[in-house]
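S.K.: Residues per chain are reported as follows:
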Amino acid sequence: MTGYLLSRLRQMVPVLFGVVTVVFLLIHLIPGDPVEIMLGESALAAQKEELRRELRLDRPVVVQYGEFLLGLAKGDLGTSFRSREPVLREILRRVPATLLLSAASMVVALLIAVPLGVLSAMRQHSVVDHLSGFLAMLGLSMPNFWLGPLLILIFSIGLGLFPVSGYGTAGHLVLPALTMGAGMAAILMRMLRSSLLEEIRQDYVRAACARGLSRRDAVLRHALANSLIPVLTVMGLQFGALLSGSIITETIFSWPGIGRLTIQAIEARDYPLVQGCILFIALCTVIVNLLTDLLYSRLDPRIRYE
Amino acid sequence: MSERPPWRRFVLRVARHRAAVAGSAVVVLLLLVAALAPLLAPFDPAAQSLDAGLSGPSWAHWLGQDRLGRDLLSRLLYGARISAVVGLGTVSLSLAIGLLAGSLSGFLGGRVDHLFMRLADILLAFPGILLAIAITSVLGPSLRNVLIALSALGWVGYARLIRGQILKVKELEFVQSARAVGSPPVRLLLVHILPNAVSPVIVEATFGIARAIVAEAGLSFLGLGVQPPAPSWGAMINEGRHFLFVAPHLTTVPGLAIMITVMAFNFLGDGLRDAMDVREEIR
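One line per chain: the protein sequences are S and V, in this order. All residue numbers for the first sequence refer to our numbering, where the first residue is 963 and numbers rise by one. All residue numbers for the second sequence refer to our numbering, where the first residue is 7 and numbers rise by one.
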């Protein structure tokens, strides 16, 4: 296991390095003069010069890249152009809201996916199975930027059950979590169904039935636990997509997380902050993917890494 | 009795797949609407009529009018053009790059393959539309930049898929035989390996069109895609969501169009995949 961990960490280094390089290059991809784009054409020459110095754009690209890497090593992602605060501090302030929303979305996804997935697998080709399949297809085809307003229309405007937007109470969390969790629920449901169908056909389930256990008990007590392993893995691997999806969901519900911060930074042309947010989400994705990979062996003792 | 050629068996299997047939019908309809939008649209999609802003459906305007009094049906029909262009354009561009990169990586192996795999790992660290958001935020919002941004990550999936297929096919006996009789590498790749490796890529491309349509709409929703007054379905939802209380149809109608289109491509993709898998029973 330690050997595997070390080899995965070794593989991760070039990926992290590559991600950082791509994000660094983004600001240098801006066609024309980035300073002029940020400040607008009417800005004074002195202002432009000051910003150029501040963003270190007046130095050779290689030097800028070196300084960017050095800054990163010290946890310095630069200074927000608008708020004049360190980018990392701005991001960290928004992390709890995004984490709360992501966790709630995962709970919502599991609450929908597990019962439907189990029912579909236990009653394959039945009405329930077809209905769940249709719901999953609906979940996969419904973009979150449409589902969000639709939920607001039904549950906030129509039924008056939840607030339209904002942050602070459990009520505020329901609609954004549903919006973000629906797509994942569809993926997990399909995954659980196929994985449970495979487990149900295994000898140990047949043996449990032969010992007198009802089929329902054999599936719920024995097969379900095994079939949940790939589901949890997919959940981990979907975490990045969830963070990326938070950009849209948080915008719809004015949720004060990293996603909304990213869009606010883009709208304000605050490129150091945009760079920081993109880098933060990408790095979180790489790390969570690694943790998921390692957790996989813990959950399933049959897996042994060389 | 002569046996049916493989392509005919494949078409028959797709035709027996009910969801795939329904999906294809909607896809054909979308393409027709996109091509004939100027003939079908009752009004100019950009023509404003401010005093009729936010009006509901009427005889003249079947789906109502938006904030600026523009005809929603006309904008929806023209919006199909943007979705079709982005869906087909992104997949074509991604496929072209992906086929080249995946073929070279799988066929040549060694350092080229190693380099490609690392590059793929780096790009895949940017989840969902994050990279597209980053690219359009620096390049500026436009249809061309949306195509570039979506293809920048889109090609990786096709390349990995084709690479895996090539690694599998190049070890098969007929390829080894062709190599043994002195078939040059390029001919080996183009004539013997690639035609036998592209089937899953076609299925993936069908799903890819759906993903690209959603991604474009998502970028336009955020203001990073096609710019007004061009009628992108995503931008229409974003405009409409500010008037949910008074004109919910402005949000629901374009959303429904996206969902039906995406569902159609997904059904078609499922059907193609099932038809290619001879073990699968078609229902």
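Warning: the hint list may mix true and false statements.
[What the hints assert, rightly or not] To give an idea of the chain S side of the interface with chain V (calculated C-beta under 8 angstroms), a few residues: (1) V975; (2) M1104; (3) L1113; (4) I1114; (5) L1115; (6) S1206; (7) I1228; (8) A1230.
[Said to hold, decoys possible] Okay, the calculated beta carbon distance ranges per label pair: (9) V/A52 / S/R1163: 28 to 34 angstroms; (10) V/I154 / S/D1179: 53 to 59 angstroms; (11) S/G1133 / V/F249: 21 to 27 angstroms; (12) S/E1029 / V/I266: 48 to 54 angstroms; (13) S/A1230 / V/I266: 45 to 51 angstroms.
Since the hints were made in silico from the structure, they are not lab data. Glycine included, C-beta positions come from ideal geometry on N, C-alpha and C.
S.K.: What hint numbers does the structure not satisfy?
M.R.: The structure conflicts with hints 1, 3, 8, 9 and 13, although it agrees with all the remaining ones.
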